[in-house]
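**Student:** As a plain string of letters, each chain reads:
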Amino acid sequence: MESPSKLSSTETASFLTQNKKALKKERRRKKLKDIAQSWELYIFLLPAFLYFVIFHYIPLYGLLIAFKDYVPTLGVWGSPWVGFEWFTQFFHSYYFWDLIRNTIEISLYSLVVGFPLPIILALAFNEIKDGFFKRGVQTVTYAPHFISLVVMVGMIIAFLSPQTGIINDFLGLFGIGPIAFMSEPGWFKTIFVFSDVWQGMGWGSIIYMAALSGIDPQLHEAATVDGASRWQRIWHINIPTLVPTMVILFILDMGGLLSVGFQKILLMQNDLNMDTSDVISTFVYRTGILDTQYSYSTAVGLFDAVINAALLVIVNQIARKRSQTSLW
Amino acid sequence: MTTIRESRNDRIFKAFIYSFLIVILIIVLYPLIYIISASISDPTLVSSGKMWLWPKGINFDGYKLIFQDDQIWIGYLNTIYYTVLGVLISLAITLPAAYALSRRKLVGGNFFMMMFAFTMFFSGGLVPTYLLVKNLGLVNTVGAMVLPNAAAVWNIIVCRTFFQVTIPKELEEAAIIDGCSTTKLFFKVVIPLSMPIIAVMALFYGVGQWNDYFNALIYLSDKEKYPLQMILRQILVLQELGNDNMATSISNSAAEAMQHSQSLADIMKYAIIIVSTLPMIIVYPFLQRFFVKGVMIGSIKG
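Quick note, the sequences are listed as chains A and B, same order. Residues 1 to 328 (UniProt numbering) make up the first sequence, in order. Residues 1 to 302 (UniProt numbering) make up the second sequence, in order.
No lab work stands behind these hints, which were simulated from the structure alone. Mixed in with the good hints there might be a few duds.
[Claimed, not checked] Label-pair restraints from in silico Cβ distances: (1) A:His236 to B:Ser181: 24 to 34 Å; (2) A:Trp187 to B:Gly143: 35 to 45 Å; (3) B:Lys14 to A:Ile54: 50 to 60 Å; (4) A:Leu111 to B:Val283: 29 to 39 Å; (5) A:Asp130 to B:Glu170: 28 to 38 Å; (6) B:Val283 to A:Lys25: 51 to 61 Å; (7) B:Arg11 to A:Arg320: 41 to 51 Å; (8) A:Pro80 to B:Val107: 50 to 60 Å.
[Unchecked claim] Not everything, but these chain B residues come out facing chain A in the computed CB check (under 8 Å): (9) Ile93; (10) Pro192; (11) Gln229.
Quick reminder that beta carbons are idealized off the backbone N, C-alpha and C, glycines included.
Please build the complete structure, drawing on both the sequences and the hints.
**Tutor:** Rendered as structure tokens:
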């Protein structure tokens, strides 16, 4: 076969384009062959595909009822359009700002208290030698993660009970109380946030431990030789290592700003603490599932989801520009 | 001079770290010990605050009450049923999909991954999902318990990462040259090699199913089908005693029963927390490292 270098320039060009075409064809054939060869893999994907289409994409289509007056017998498509009526109704309702304020306050409170603690805990774990004490503390702090929400809220109610709760017994020693924590609107957010921290901080530290375990020990050795103290090494080596993980988790938290731990709030809610405990998602549950106002509650839920998605995209965008770490 | 100063700094630092961890340990451990102690103590001592750390006036009434309550046991059995079935379905969806997505040659793999991942950030939400389940005729059936949350994107990603690392392309190609089909390869080679991740997945899905109350709350109307968490909700959160006869069965006269009722409800609370969490308490210490591993694998790619 002649090598292309000996050909004239036009011949070279045509040879190259032909070659390119052949290559393209070849690649497409290979792709088709791959698809044909891996038909079994598509069957593997099928259950998951069906699951996501049915239980996630059909409800997305169901969101249409937010713009309609849904009548079950007419179905999603057959129900009459009403445009943005439900949204306007929600924006003009007297409870709109209360719901927004409660939701955002609980979210930000959780973020401020709950975000740093797993990081601090992971940094502390990282400073002590492997051994009985470390393993023991880790085992104990991870454990509450597995307690169900119902039990968790049951514990909260039992501990905080004004008649029989241990917390009020303790406060009684100092002549305080008894305080009816669960029916006092002012306490709701604090109870929610700190019980969440109690339950989640140990488990939350694992992901940071994983990041810390990736640090090259030579980095620490070099820093020690240069006279860096342990504080300095934490500050200049460990914390910067954790930044990407922090950024990712922060973005995810922001994406969930309006969907606070709704199942737990629902359990903690009662008529007396409603002022501070009612959030958008519990409102959706009440109007949608209990009062069967399907269209209205879907509109409220959609509003919530859109704000969340927008926040996620915005924060992700900022993170990508500022720190080169982002979800996509 | 400097070495002495440094070692002193080091000692202060160490003392600080240890005391911080000890404080955390006490904060987390205390409520757990309290519940265990309260569940086997005299109810009056518990509610008056005299029992504050170790059990006082050992008393198993709470457990006795639980053993007599049919509702709790029906709930327990229902939960076991939903959990086993739910885990099997979840694994049947998650593992094959994750394996397929872990193969480079899968054309369109990225599209499917994006399609799945999108649902993590934007979904139809509560009411459209509820209407779907209703229209599918799943309300008040076991289907509503195990299908709506059958697969989690996060778990698929964790498994995919695991398969990418542990099942190299070469292994797959060698098997195919030997005339082994992908399906056979998956069942004969991939599954046996992936037992650690399968355990992690089974546990993640299992814990989720065991602890779930919300699906039951919105989809089940039949009390006979309630999982344990719904019964717990009645007793612990709504503070309704399921069975009116319970108090009378322990004490003899009705007046005594009235008196006892409140504190028995209280003592039963702690015992039922223990009983409902028991499988977790038994399994957890052995499986903790698997759970941790699962989170760590997820964090590589997450």
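**Student:** Enumerate the violated hints, using their earlier numbering and listing them in ascending order.
**Tutor:** Numbers 1, 8 and 10, in rising order.
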